[in-house]
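Novice: Turn these sequences into a full structure, and let the hints steer you where they fit.
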Amino acid sequence: MGHKTIAKELARKHGVPLLGGSPGSVRDAEEARKIANSIGYPVILKAAAGGGGRGMRVVEREKDIERMFTLATNEAAKAFNNPDVFLERFVREPRHIEFQILADQHGNVVHLGERECSVQRKHQKLLEESPSPALSPALRKKMGEAAINITKSVNYYSAGTVEFLLDSDNSFSFMEMNTRIQVEHPVTEMVTGIDLIEQMILIAEGQKLPFTQKEIKLKGWAFEWRINAEDVQSGFSPSLGTIEKISWPESENIRVDTGVRDGSVITPYYDSMIAKLIVHGETREKAMQLSSQAIRKFWIKGTKTTLAFCRAVLQNSNFRKGNFNTSFLSKELKIHYHNEPDDALLAAFFATYDYAREINENEEKPLHTENGKAITPWVLKKRLR
Amino acid sequence: MARAAKKKQSTKLIALSSTNKTYEFKKPLEKRIKYQGKEVDIKLHEDPKGFSYIVWKNKKYMLDVIEKKQNRYTIMVNGVWHSFTVETPVSLKRKRYLEQQADSSASVSIEAPMPGKIVDIMVEEGGEVKEGEPIIILEAMKMQNEITSHITGIVKSVSVKKGESVMKDDLLIEIKKG
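From first to last, the protein sequence lines stand for chains A and B. Residue numbers for the first sequence, in our numbering: 1 to 385. Residue numbers for the second sequence, in our numbering: 1001 to 1178.
Quick caveat, the hints were computed from the structure, so don't treat them as lab data. These numbers were taken from a predicted model, which means no experiment stands behind them. Be aware that one or more of the hints could be misleading.
[To be verified] Covered, in the sense of this in silico footprint (three residues per stretch, anywhere, with C-beta under 8 Å from a C-beta of chain B), are these stretches of chain A:
hint: 1; region: 9 to 22
hint: 2; region: 138 to 151
hint: 3; region: 232 to 241
[Unchecked claim] Derived DSS-like pairs: lysine-lysine, alpha-carbon spacing no greater than 25 Å straight-line:
hint: 4; chain 1: B; residue 1: Lys1117; chain 2: A; residue 2: Lys122
hint: 5; chain 1: A; residue 1: Lys297; chain 2: B; residue 2: Lys1043
hint: 6; chain 1: B; residue 1: Lys1031; chain 2: B; residue 2: Lys1057
hint: 7; chain 1: A; residue 1: Lys334; chain 2: B; residue 2: Lys1031
Where a beta carbon is used, it is the ideal one built from N, C-alpha and C, also for glycine.
Specialist: Here it is, written out as structure tokens:
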């Protein structure tokens, strides 16, 4: 199921709606061109074994297809050890909605509601929430059932995620299934109260699911803010360095998942995520308010991060209304970071202050001739004079 | 000694931002700034965990020096960075003059924005490039990053080879404006 083209074939057999595209992997750039020309641009190239937005390229025009095909296959080979890519019609401005699935080895499958993952850049998620402001209970039921059907069709067990594209007319199409635990799973844990990792272990042991679909209730609202070492002001390019200090607020509504601490070094060998800030509230409004407070108190010294981006998102009125899709970053959020009027003035002051202080200190530094170390003739000369 | 004492008094410094805005501080060491016609004292704090901040209009502004090279500074305020060069009135004047002189025939160097591996080079020496055109693909953080030219011109030199690893700020390509 991790292989996207095989998964799509199965979905088609089970009557789950799909997007037009290549029947399997695309052999070469020439074949990609042919298929793209037949279904029309824009199209998207995706790594068959992929995930996380890598090995994925949108092609707007025929003249770009060769270059994009090469980029996508290179990236796929590097990231997933499998250069296969497939091609499908690219839906403009859909929402990205995914359903969390739990399935045991006895044929029981439940869904734990959806996650709204539409805020993305370069097809990488930047924040997630659960539930989605776009889903009515009826639509949730319909999509949840489709997700369960796909899972059953392959006799999959463990935790999994079924991803859909949701169009503005509420029609949806199956995109792929992730046969693993995902980065954004904590939002589901916060609203369902179910520990997904625990369930994965129990399922692997051969135990039956301890709950039925009816017993799963979504309580309140949860956001996950991804804190990446990225330079938001330079198009989210990776930002390397050392995390000199990191500190975050603690409360029962807040969960922080991280693998870094004071002194951790951010290298170019791993992806840029350094922490996840998960916030739960009774309502979406409350969860946003708590998020704003938590982000203000999340401090990282030493590297550029996506925190200022999170603040900008929370200030956006359409985001607050729940009115957004995957084009949110490119069309709606014009400035990708939150700036206050006197920020630049205070930064300018701090730079000049630091500079002035350093010059001053250098002049006051006593000469360490007594311990006899590193005395240059120049110093000695000055000293003797 | 008289000379040292004289220098200790902080003199006027100017922060020139990357967007060419200037911020003047008469006595930066005395932590006083002019704001809306008034002199305002600034208090620098350090919390027990070692984070620096300024309290300004009853709000905390977290501060961090992200980069510092001689007089070049990148300062982060509440997660947003600002770049400056710190100038004296004389050095600013000189800088402005030199920029004016250099403007027309200049060439621009494209440097590696991060360490990584060169996966592909799309231009050749002597070839034309347009603004926004991808010129190099650099792999870092498991992503293939397209590096684009920010000017239109002729490629003067290519300093890297395919497959080579580069460090941050390594020169990749020089482009002559045109």
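Novice: Work down the list of hints and note, for each, if the structure agrees.
Specialist: Checked hints:
1. 9 to 22: Coverage by chain B is violated here, the residue count being 0 at a Cβ distance below 8 Å.
2. 138 to 151: violated (count 0)
3. 232 to 241: holds (count 7)
4. B/Lys1117 <-> A/Lys122: holds (20 Å)
5. A/Lys297 <-> B/Lys1043: holds (20 Å)
6. B/Lys1031 <-> B/Lys1057: holds (16 Å)
7. A/Lys334 <-> B/Lys1031: With Cα atoms ~35 Å apart, A/Lys334 and B/Lys1031 exceed 25 Å; violated.
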